[in-house]
Amino acid sequence: MISTDDIIKIASYFSIIAHTPGRLRVRVNPKITQNAGNISLSDIEDLPKKIDGIINIKINKIIASVTITYDPNIFKPKLWEDLVKNENLEELSILINKLAKEVI
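For the sequence shown, full-length UniProt numbering puts the final residue at 104, and the numbers step up evenly by one.
Treat the hints as calculated values from the structure; they're not laboratory data.
Among the hints, a few may not be true.
Stated by the list, open to error - In the DSSO-like style, the derived pairs of lysine-lysine whose C-alpha atoms are separated by at most 27 Å in a straight line are:
hint	residue 1	residue 2
1	K58	K98
2	K85	K49
3	K31	K50
4	K98	K61
5	K101	K85
Stated by the list, open to error - Derived DEER-like restraints, expressed as beta-carbon distance ranges:
hint	residue 1	residue 2	range
6	S93	E45	13 to 23 Å
7	D82	N56	17 to 27 Å
8	D82	D52	31 to 41 Å
9	D43	S15	14 to 24 Å
10	S3	N29	31 to 41 Å
11	N29	D82	15 to 25 Å
12	I94	I62	18 to 28 Å
13	E91	I62	16 to 26 Å
Glycine residues also receive a C-beta, built at the ideal position from the N, C-alpha and C atoms.
Construct the complete structure from the given sequences, taking the supplied hints into account.
Written as structure tokens, this is what we have:
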């Protein structure tokens, strides 16, 4: 199971490549593999099943990128940018916990 803190930790390894409302593409720092602990790729790919508003997560291991398709009416685009920049994390934690489909 992946927690809100895990999501914030994972996002700290992201840098935004392209972002339009509803679609975020990020580069993933290779150091994530050393520091992600027991979080697996399938945990990340399963997030759309666990959190309302996240539609799809596609991981491209070859070029180390992740594409996240989301509902911009639920997750405001600025919140994604805040997540990647490690800003306004309290607001993000509250939102993620509110949207969780199961207890995280």
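Consistency of the hints with the structure:
1. K58 to K98: holds, 23 Å
2. K85 to K49: holds, 25 Å
3. K31 to K50: Given pair K31, K50 holds - Cα atoms ~25 Å apart, limit 27 Å.
4. K98 to K61: Not satisfied, since the Cα-Cα distance of roughly 30 Å exceeds 27 Å.
5. K101 to K85: Within the cut-off at roughly 25 Å; holds.
6. S93 to E45: 13 to 23 Å: Roughly 21 Å apart at Cβ, these two residues keep to the hinted range, so it holds.
7. D82 to N56: 17 to 27 Å: holds, 21 Å
8. D82 to D52: 31 to 41 Å: violated, 19 Å
9. D43 to S15: 14 to 24 Å: Given a distance of about 21 Å, which is inside 14 to 24 Å, the answer is holds.
10. S3 to N29: 31 to 41 Å: violated, 20 Å
11. N29 to D82: 15 to 25 Å: holds, 18 Å
12. I94 to I62: 18 to 28 Å: violated, 36 Å
13. E91 to I62: 16 to 26 Å: Violated - the Cβ-Cβ distance for E91 and I62, about 34 Å, lies outside 16 to 26 Å.
In this structure, the earlier hints numbered 4, 8, 10, 12, 13 are contradicted, and the remaining ones agree with it.
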